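S.K.: Below are the chains, spelled out letter by letter.
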Amino acid sequence: MQEDGFNLLTRVGPGTPMGNLFRRFWLPALLSSEMPEPDGTPVRLRLLSEDLVAFRDTDGKVGIVGAYCPHKLAPLFFGRNEQCGIRCVYHGWKFNVHGECVDIPNIIPPDNFPALKEKARITSYPVREAGGIAWVYMGPQERMPELPAMEWLTLPQKHVHTSRWFHRSNWLQAAEGEIDTSHISFLHSVLNVPEDGPDRHRLARDGAPQIEIRDTDYGFVYGARRRFDDRFYWRVTQWMLPMWSAIPGGTDEFIGAGRAWVPIDDYHTTAFAYQYRPERPLSAAEVKEIDAGGQFPPRSTKGATQLPHGYVIDTFLPSANQGNDYLIDRMAQRKESFTGIWGVNEQDRALQECMPSLPGEQPGIVDRRGEHLVKSDLPTMFARRKLTKLVRELAEGKEPVAAMQSEQYGLRAIAKVSSIADFDEFMRVHGEEGKAGVAPGSRGAVAASAVQ
Amino acid sequence: MQEDGFNLLTRVGPGTPMGNLFRRFWLPALLSSEMPEPDGTPVRLRLLSEDLVAFRDTDGKVGIVGAYCPHKLAPLFFGRNEQCGIRCVYHGWKFNVHGECVDIPNIIPPDNFPALKEKARITSYPVREAGGIAWVYMGPQERMPELPAMEWLTLPQKHVHTSRWFHRSNWLQAAEGEIDTSHISFLHSVLNVPEDGPDRHRLARDGAPQIEIRDTDYGFVYGARRRFDDRFYWRVTQWMLPMWSAIPGGTDEFIGAGRAWVPIDDYHTTAFAYQYRPERPLSAAEVKEIDAGGQFPPRSTKGATQLPHGYVIDTFLPSANQGNDYLIDRMAQRKESFTGIWGVNEQDRALQECMPSLPGEQPGIVDRRGEHLVKSDLPTMFARRKLTKLVRELAEGKEPVAAMQSEQYGLRAIAKVSSIADFDEFMRVHGEEGKAGVAPGSRGAVAASAVQ
Amino acid sequence: MQEDGFNLLTRVGPGTPMGNLFRRFWLPALLSSEMPEPDGTPVRLRLLSEDLVAFRDTDGKVGIVGAYCPHKLAPLFFGRNEQCGIRCVYHGWKFNVHGECVDIPNIIPPDNFPALKEKARITSYPVREAGGIAWVYMGPQERMPELPAMEWLTLPQKHVHTSRWFHRSNWLQAAEGEIDTSHISFLHSVLNVPEDGPDRHRLARDGAPQIEIRDTDYGFVYGARRRFDDRFYWRVTQWMLPMWSAIPGGTDEFIGAGRAWVPIDDYHTTAFAYQYRPERPLSAAEVKEIDAGGQFPPRSTKGATQLPHGYVIDTFLPSANQGNDYLIDRMAQRKESFTGIWGVNEQDRALQECMPSLPGEQPGIVDRRGEHLVKSDLPTMFARRKLTKLVRELAEGKEPVAAMQSEQYGLRAIAKVSSIADFDEFMRVHGEEGKAGVAPGSRGAVAASAVQ
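Protein sequence lines correspond, in order, to chains A, B and C. For the first sequence, the residue numbers in our numbering are 101 to 552. For the second sequence, the residue numbers in our numbering are 101 to 552. For the third sequence, the residue numbers in our numbering are 101 to 552.
Quick caveat, the hints were computed from the structure, so don't treat them as lab data. If you're wondering where the values come from, they're calculated on a predicted model, not measured in any experiment. The reader is advised that the hints may include incorrect statements.
The list treats identical chains as interchangeable, and a pair is accepted whether it falls inside one copy or across any two copies.
[Said to hold, decoys possible] DSS-like, lysine-lysine: derived pairs with alpha carbons at most 30 Å apart:
hint, residue 1, residue 2
1, K219, K161
2, K489, K388
3, K219, K489
4, K258, K217
5, K402, K435
6, K435, K161
7, K217, K516
8, K388, K435
9, K486, K475
10, K388, K258
11, K217, K475
12, K489, K475
13, K516, K486
14, K489, K516
15, K219, K475
16, K486, K219
Just chain A, with the same shape it has in the complex (with noise of 0.2 Å):
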């Protein structure tokens, strides 16, 4: 791929291609726990390159709108949320949800209020809240699909653990983590593995794995075979579009997770995780260990970050980042872990956060130029060709099939120990428990294959 193919990638902003293909997906926006209660504090967002504030209303509906009054343009993130709607606090002009103007104190009304009232509209994005997250839908109204039908979006709160946190790259060079799996035996590796311990911890330890890819209308699947004793250890992720993919969890029970990775810029990412037990809720100790870091997400503090072109955001930034060389510890790395650098988000981001950047502009996009991929990077060659011809039968006037069809995404990654050396074989026997609810001892309906 040349380089204008990346560029066609990793660029989101207003009217770019690839921008225009997020906008027709929704999108996590921020978590439904950072607007706590009815009337409290804004929070600002960039998405997509384009600056928002998020704020729940009165009546403890969200909005997600354009950062700045349109009379002079104040931030509202000043603004005072009360009454249903945001109030600028430079003059009093007050927004609604919907973005529309509903107040202009600071005139007395002329005969065509209406109509001025109708012209300080400002931009507002359908939001819908699900699975502990504030979605935002960016694209045309005519457009919009359902939500995903993830199957961690239709289960009691107490199932599920959602975070989100700030990932400071282009979201290509994240989101192409994730659905490479031989990485994991390496980066996420520990040393000194005991033969005779958990299978768990050695299940992984084949580098090389074989991969297999099938093309789905939602995104694709793809099977790695790693070899483990005398049989094989298969993972089976689904990359789903525009930029999801689900972790395959325990090879017994099913654990369910998965990440997202919205574009802030074309620099800065925000990322989502969840995790979740279709059957039970989470344990408290099972949330503590989330929570402590080691998984995901990294441990952060909310905070505000101010953006090189002037906006400030609100985000959850990781303590263990590039300033800090991401904690890395020398003894550690000879002596525990293939990196010395504790927690899994860590570890992926001291690497992604550290590429090369694309010379004249500000870091943040990988300078792919010099990259040598191989075997092991099909995944990744797969997402990029499929983004691509999306993106471009976009520009052509093909709307993307997958926001349209939101039973789809109703999918589980599968982990299992098996003598089955054929994907399609594989699939055959075990491809229904890449459904959601059709686990050993499920109760739930069972979603359309998605599987072609």
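Given chain A, work out where chains B and C should sit, using these hints.
M.R.: Here is chains B and C on its own, set in the frame of chain A:
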């Protein structure tokens, strides 16, 4: 006004049309108190995008000169301020307050020594001290006007309080806030004002004042009429070229105040405020209240700031700033004041410094393409048109009249409760109070009226 | 010299003419002590605008290689330095000190595995260790010269002190400070030297030395003659390509010293200093004095710095810097020293790092258009002309002679009080002392004279 027009007014560097207009006027440069003693520490400045250094020489004279030694371009800030000149510490070259090179000690004087020294002359601008401020004139020598005959410049030192601080935006969006009377009814208002409380808490509650403007040689004067019980609360403000505004004070006893917005460069401003009592010294309580930061200036620390282009300047950095959300208190916003931000200047800066910036350059200039001006913005529109006209005329060789009529600046803003409804009628009755020295009880001379 | 000429000398990235000249010479890259043990922590470097990483392998050999793994461009700094190579922690690819890819463990070796590994070779530059420094040669293999035969490189370790630090400017304005003899009479002078004190405090008081220059193959040599009582204080300095300068030491007993200015990129420099005694180890007191920072190097902390383009490098950050005005003490400037800045290097950096920068790019390259060179700047002018000539010749295919004559670098600067007034006469009498090994009492071999 098109985008072009805004570039015309926001760009102030050498050779720009607006920069040229600024260079026709005396500008506040720094506080005299920053150079308390002869031969003291130099002060770094940047004005109209020029790097400068100010120093008070052995005789007490202030020089404002180019920041770099013309020999090898070492920064004169580190220089020795001694024996009526500043001496570069790199090779000992020395310059007096006029920018004349008076010593080149690292060579044996050649035959052409006088010519060599003449070639080594550095930029130097005329300086005057008045009102606790060192003023600079950066224009053509032959066009140098008198200092503006502002009332506070003629008063004993103890009658006047002057201050300066760092404003992190282009000068124009800051200056426009000063001629925007309606915002005081919102941005600077407090909540829950009792109906039976003192008038001054209720005077400006009418957020939709009627505004009338009259063009003048010095700029313009505008009157804002607010309903107040069964009478009117009038505020009459003079906007004086190039960017001064007088602030209406008490309705009973005259309180003088005003502000100037001096461009550091296109992205930063050094603001000056004055407050004064013509008849008497400011009381200790008044000074204490001003210095506490509730009115003006903000609570600041004198410190050094590196600008993006590498030059360090001495600034008064407000402690409430974008990095701490101007210390907004959301509980106070609900219960006590419209913003929850403490301090009038903090309230202004929160909005003006956080407006959306023009893309593709460093933050600081608001991208006005999104704004929707309404009737309350008449003075802003008037100021833009007037500045545009003057800038264009100057480019065609027509000098600004105001710069040549310093006596016009002897003006007082007027705040008054009256039953007069018509602005011209109001000015016929009260206009004389807008001239320095004619407040009730005044014994001073009356300056010539500037209102046309 | 026109502006073009300065771009010719200040730009050092790959493909630039001056960058090419630098690439013909061995350059100090880092201190050997930064890699104290085999398989230790890698060190991040940036040299001539190339991002690199240095590591000492299991056998003690030092590799300086490209900073990123060629697979997915993960930073090798986080890599595992083990078993004679650095292994990327993303997918386990491994590289030896020669840049050869010796392991690709995340794929099943294909038939074309040798070719694949050959394609995955990374940039690697030859490294030598001498004088406590790891040297790198970044030029064409077939042009690789010998290490320069500098005296201090041949001495026992305890005779030599080497150091490095971060200099926040382009290399050229730093290097020019080294061949600028007159500045020591000002910038580095102390006040109130008693007339009856030791000679060494008064030697350089004549700030207008007479300067004579002689061209040489290795660069040039210049003599600076200062009046000293009824005799002359001579300082003879060799400037050695591409940017070395020897520093004249004691007049009685020879003290060796010199500095190199190695470009990190166009805006940053890593500086190296050496000091040595040919006849004996440095005393503990001498080492302590050097490390205290009064002479060289500055007091620094080894730390990591993110450069504007996003690459983090390991630097020795001086604690006195632009952010704290180099800890200038204005009272000391009045009473004790010419600058009030403590430390010879701090004095140099205060000026060189704070010169006005070229507009339109990041700070660091002085905008020389404003400079006024005089007779004291003859060596600077000579160096610029010589570099320009060599750079242009190299562009036309003519290799620099100096690079091929490492034995020419066996030079000593000379400091001497003498009644001889003529430079050629002085060199006839004392020139041999400028050759390593011929100081009074020396038993070493005499290097061939390089003075033409």
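S.K.: Now look at each hint and say whether the structure bears it out.
M.R.: Against the structure, the hints:
no.	hint	in the structure
1	K219 to K161	within (23 Å within a copy, 56 Å between copies)
2	K489 to K388	neither (42 Å within a copy, 66 Å between copies)
3	K219 to K489	between (38 Å within a copy, 29 Å between copies)
4	K258 to K217	neither (43 Å within a copy, 50 Å between copies)
5	K402 to K435	between (33 Å within a copy, 25 Å between copies)
6	K435 to K161	between (52 Å within a copy, 23 Å between copies)
7	K217 to K516	neither (59 Å within a copy, 33 Å between copies)
8	K388 to K435	within (26 Å within a copy, 37 Å between copies)
9	K486 to K475	within (17 Å within a copy, 53 Å between copies)
10	K388 to K258	within (13 Å within a copy, 55 Å between copies)
11	K217 to K475	between (58 Å within a copy, 14 Å between copies)
12	K489 to K475	within (21 Å within a copy, 51 Å between copies)
13	K516 to K486	within (27 Å within a copy, 71 Å between copies)
14	K489 to K516	neither (32 Å within a copy, 69 Å between copies)
15	K219 to K475	between (55 Å within a copy, 15 Å between copies)
16	K486 to K219	between (40 Å within a copy, 27 Å between copies)
In summary, the structure is inconsistent with hints 2, 4, 7 and 14 from the numbered list given earlier, while agreeing with the others.
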